[in-house]
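*Asks:* Quick note, the sequences are listed as chains A and B, same order.
Using the working numbering, the first residue of the first sequence is number 1, and each one after it goes up by one.
Using the working numbering, the first residue of the second sequence is number 1, and each one after it goes up by one.
In case anyone wonders, no lab produced these hints; they're calculated from the structure.
Here the structure is a predicted model, which is why all the values come from computation and not from measurement.
The C-beta atom is built at its ideal place from N, Cα and C for all residues, glycine as well.
Warning: the hint list may mix true and false statements.
Partial chain A-side listing against chain B, Cβ under 7 Å, derived [said to hold, decoys possible]:
no., residue
1, 42
2, 43
3, 45
4, 107
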Amino acid sequence: DTGVSQDPRHKITKRGQNVTFRCDPISEHNRLYWYRQTLGQGPEFLTYFQNEAQLEKSRLLSDRFSAERPKGSFSTLEIQRTEQGDSAMYLCASSIGLAGGTDTQYFGPGTRLTVL
Amino acid sequence: AQKITQTQPGMFVQEKEAVTLDCTYDTSDPSYGLFWYKQPSSGEMIFLIYQGSYDQQNATEGRYSLNFQKARKSANLVISASQLGDSAMYFCAMREGYRYSTDSWGKLQFGAGTQVVVTP
Numbered sequence: 001d002t003g004v005s006q007d008p009r010h011k012i013t014k015r016g017q018n019v020t021f022r023c024d025p026i027s028e029h030n031r032l033y034w035y036r037q038t039l040g041q042g043p044e045f046l047t048y049f050q051n052e053a054q055l056e057k058s059r060l061l062s063d064r065f066s067a068e069r070p071k072g073s074f075s076t077l078e079i080q081r082t083e084q085g086d087s088a089m090y091l092c093a094s095s096i097g098l099a100g101g102t103d104t105q106y107f108g109p110g111t112r113l114t115v116l
Numbered sequence: 001a002q003k004i005t006q007t008q009p010g011m012f013v014q015e016k017e018a019v020t021l022d023c024t025y026d027t028s029d030p031s032y033g034l035f036w037y038k039q040p041s042s043g044e045m046i047f048l049i050y051q052g053s054y055d056q057q058n059a060t061e062g063r064y065s066l067n068f069q070k071a072r073k074s075a076n077l078v079i080s081a082s083q084l085g086d087s088a089m090y091f092c093a094m095r096e097g098y099r100y101s102t103d104s105w106g107k108l109q110f111g112a113g114t115q116v117v118v119t120p
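Excised from the complex, chain B in its bound form:
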């Protein structure tokens, strides 16, 4: 079963506008972490933001914020004031079981990604 679902294969956004990238996840584990990565055309995965399942507040990192709705199992990424350099693939990922299992909390499970193109 797909653990991470990103339903938007591609999006266009105008420079300086905000964009929301959807991510839903599936887990029965009460302990998990959610990550967003950016992958430009060069190929390197760049870490953007992290949200833990027990975190009370939504994570923010500069122009990135995470809209975490635990009951809905969604962790949408919001990019404010888009820039041309934000054009890239964006991946949502999850790591399960970090609190109780030292063996299973290593791997990340990724969604299929959303391609964002920022236009002038």
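Excised from the complex, chain A in its bound form:
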């Protein structure tokens, strides 16, 4: 049984470059979530998918961010024209998608992005 995996674990990039992160959810989990966590803070919701449909996107997410889940399995999060303020840990989580409150989200190890 494998958990949520994320790749890469660490990414260092220069300001203005584009970066893409990948998340593989737990198999048979229908929901996939992206969060961002800056130092000393709790995770902040970015977006989530039910299968391949993107159901919600945070208003805090600028148009430089885009996420996809093309076949309802893995997901990618792309950041275009990175800025130093994008430096953070990007966390992915998945859940079965139960129609109730007990739908627990399980997190991956995260991708730490550093923008120089």
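Assemble the complex: chain A is given as a structure, and chain B must be docked to it using the hints.
*Replies:* For chain B alone, kept in the frame of chain A given last:
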């Protein structure tokens, strides 16, 4: 407005003692779920315990229990018999509207966390 408030930025606790981590929440939705996660220095968020707003009894999972006081809107985590491996950041989180809205019950809203250090 802050939905989840964790007022204790850090705590020291001795091994084998119990520790209570505070969490208060703000919602007008009658349907919500409360979660606690642990984040060790490695960075991965580990699910600990869940409490639903309609649950009549406080949740328990091994050494973790949740002291749910609905009228006060608090959901404190109690860790009994602390171990050195319990040293980590602990986050309280809430999901709103799971019973009536299929769109809004996805995201979790997190507090700022409490750093727990267990000493021998």
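*Asks:* For each hint, tell me whether it holds in the structure or not.
*Replies:* Here is what the structure says about each hint:
1. Restraint check, residue 42(A) versus chain B: the minimum CB separation of about 3 Å is within 7 Å; hint holds.
2. Satisfaction of the interface hint for residue 43(A) is found here, the shortest Cβ-Cβ separation to chain B being roughly 5 Å, below the 7 Å cut-off.
3. The beta carbon of residue 45(A) comes within 4 Å of a beta carbon in chain B, closer than 7 Å, and the hint placing it at the interface holds.
4. The restraint placing residue 107(A) at the interface with chain B holds, with a minimum CB-CB distance near 4 Å, inside the 7 Å limit.
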